[in-house]
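Asks: Here's the letter readout for the chains.
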Amino acid sequence: MENAKNPAISEDKSANSVQDNNKDNLSELKLTVSPHIKSSLTTKGVMLDVIIALIPTLAAGAWIQGPRAFLIAFTGVLSSVLAEYLYNRFMKKPNTIGDLSAAVTGMLIALNMPVTIPLWMVVVGSVFAIVIVKQLFGGLGRNFANPALTARIFMLLSFPAAMNNFVMPFQWKSSSEIVTTATPLYTLYEAFKSGSPDSFLTAAKDFPSLTSLFLGQMQGTIGEISALALLLGFIYLLYRGVIRLSIPVSFVGTVAVVMLIAGKGSLNFVAGQILSGGLLLGAIFMATDYTTSPMSIKGKIIFGIGCGLITCFIRLFGSLHEGVSYAILIMNIFSPFIDRLTRPRPFGQTKKGGKAHAKA
Amino acid sequence: MKTAKDIFLKPVSRIKGGVLVKDNKTTFDSVPKSLSVSRVVIPLLQHCTKPASAIVAVGDKVKKGQLIGDAGDATARIHASVSGTVTDISVRKIAPKEKAVCVTIESDGNDEWLETIAPPTVTDAESLIDAVFNAGLAGMGGAGFPTHIKLRSVYEAKAKTLIINSIECEPYITVDYRACIDFGDDIIRCIEALIKHIGFERVLIAEEDKKEKGDEQALIERIEKSEYKDIIKIVRLKPKYATGAEKMLIKALLGISLPEGKLPSDASCMVMNTSTAAAFGNYLLTGRPLVSRCITVAGSAIKEPANIIAPLGALISDIIDFVGGFEAKPYKLIIGGPMMGHAVDSTDYPVTKTTNGILAFAEKMARVKTETSCIRCGKCAEVCPMRIVPTDIYKAATDYGKPDINELVALNAQACILCSCCAYICPAGIPLVKGLDIGKRLVAKAKAKGAGNNGKCKESCDI
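Top line first, the protein sequences correspond to chains X and G. Just so you know, we're using my numbering here: the first sequence kicks off at 226 and counts up by one. Just so you know, we're using my numbering here: the second sequence kicks off at 1215 and counts up by one.
If we strip away everything but chain X, and leave its shape as in the complex, we get:
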């Protein structure tokens, strides 16, 4: 390594002045722990991605159910952000609205409402989500239940009539009175009870076609109707690496398998179960919430299967026809335990917890 020629360092005045400069220069040196470079990934960026991913869904909702959807989304976002701001202010805590998580919550609450919901109810739901479910547990990252989802359940129980006041597709455009029919999920429930789902669905005149189901031409909340828009958001989130396939696929996959059995092999029945109701919205945007779902892939799959099974039980045997929210909330409670059970095996260790023998 040694080099024979050693050019002597120049000792002219410029070198000295550089050194003097350095002394003043060094006053700002920061001592921080490694690493000294960080990825550009931020919590705010992640939340922004989720908001972007939700835009097609909101747009589809507004297209099918009317521009009032935008007003509801605006109210939801504004009241959520304001609730967080005022809570932090009142409790003398640092302001956290900049991380955009409150905006995501507000957006999700809005997408879980029927387009006819009175605005004050949206405000009540948002304040409940932010203050009770999120901030009282310590704010972002410490809540055990998904705020938007818990707010939806709270509102379903508090304002059942308003929360089930659905409109028919494009009713807002039409001047004449449109007859409201049974929701697709109710028809599916009846189909299951009838004992021969396939023939029941074929006979049911008001059950939407597969294309309508996929595009969102049916009754439902603003955000749950358009499978196409939800899938667009899903692809965006996957592409940006915000979420992984594990939860949505295991959740929806479990529902598909159980419903295939329950529907006695009726593919119409399975498609109806997947495309109507809040399954896709829940599986893509609510069940994948970082804070309230397990961290490891194995844990995520268990979580998704759990969500799927509970959803099916509620839809098939419960007094309600929709069970996605309850299913996710129940699995939220199990998340910490699933995390504990599915800790990754450290590098090089064998199954039994012993050390791998390393002899080649």
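Since the hints were made in silico from the structure, they are not lab data. Some clues are possibly wrong.
[To be verified] Straight-line C-alpha distance at most 35 Å; calculated DSBU-like pairs for lysine-lysine:
hint, chain 1, residue 1, chain 2, residue 2
1, G, K1583, X, K318
2, G, K1410, X, K263
3, G, K1313, X, K255
4, G, K1659, X, K523
5, G, K1578, X, K318
6, G, K1410, X, K255
7, G, K1476, X, K523
8, X, K523, G, K1236
9, G, K1661, G, K1609
10, G, K1476, X, K398
11, X, K523, G, K1648
12, X, K269, G, K1230
13, G, K1307, X, K255
14, X, K523, G, K1616
15, G, K1264, G, K1410
16, X, K523, G, K1230
17, G, K1616, X, K255
18, G, K1583, G, K1648
19, G, K1659, X, K263
20, G, K1452, X, K255
21, G, K1476, G, K1307
22, G, K1447, G, K1616
23, G, K1313, X, K263
24, G, K1648, X, K317
25, G, K1239, X, K269
26, G, K1452, X, K523
[Claimed, not checked] Which residues of chain G face chain X? A partial, calculated answer using Cβ under 10 Å:
hint, residue
27, V1235
28, I1548
29, C1633
As the structure is a prediction and not an experimental result, all values here were calculated from the model. Each residue gets a CB set at the ideal place from its N, CA and C atoms; glycine is no exception.
Once you have looked at the hints, place chain G on chain X.
Replies: Just chain G now, with coordinates in the frame of chain X:
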């Protein structure tokens, strides 16, 4: 070039985890230049075991290469890096939180080598290990483990494979990359000696697969000329940070996953850093011990980023002046790479055998992500090459007021290799490495108490 192809092998296994980092290696083309300084401050602790003790006194005249620090077999020997007069032997800060006895030598400007220096006579394993000891070698990749100790244990374990680690996955640093180009002869000489006397049956030179790497023709030709050309192979790995960590490298090259607590010799191999190999190759030829090393000086605050060869004990300030000083006001000064290096608060610290880089960042680069709450996104666990859960360990080590040792053991905190992948990726900007470091030390301390100190890293575990 038809034979050149046979030199390359493919990695046998993929590594999970790790992060893709912008490598910023702008000094690929910078041929290392030597600098000489008027004064060196040589710490007697430049390795990770016990410090050496001074065997010279203030006022002594010393020559370059003269032994000045020695404390037997458990340490790496320390040699004078300039010729001149010893003016001070005292305890000095060698890093913001580290002190060691340092020997200060004022250079006489002659840079004279000790007259008695001669190439070593190596006839068997013992004399080879002695030669390594006399060369004062310690792992130059950053760990600083005395090489002769490693070599002895490897010899006793009859390891079959020698891995020359030239991965250098830290951004900015181009020391090992340059070594392959400029000191290929020394590296192969070292490899040949190790094959001959230690009995390695296979040598794998691991390097990052970079487009810029066209100019190691000399190294390849040198391998072709070697009598052991059939067993010396080059393995190129896809650039990904943390691939250069010993355990990851063994996994990629040999397909063996060494759990925490196991050594490379358990996988019948030894991992040696390229610069260390080059330094030993040089010693075999000339008998000159390790008294200088190549360092990459770079970063947004450095005027002319370059590779330089600095005498050990040279002060950072002298080195920065040598490359033209600062271009912008530095907000962060780092010894080592940006992922695992340590930030320092002054340029008065000396470089040691383990200093592979000096980086200075201007304000923009030094800006720290604002820390927010953990959102449990799980990215830290996803990128962890050791498959542990950094955020849980961080909480167990810092959040509860009183660290929870049992939880830390259950979480395998001691497996952490402090590679910093987790804190690099963390969207919440949490200083995970701080918690992991505390957790790792607490577990090591608890284990030492429980099962009797195994003597490893006693010095570094001060909590």
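Asks: May I ask which of the numbered hints given earlier this structure violates, with the numbers listed in increasing order?
Replies: As far as the earlier hints go, 2, 6, 10, 22 are violated by this structure, in ascending order.
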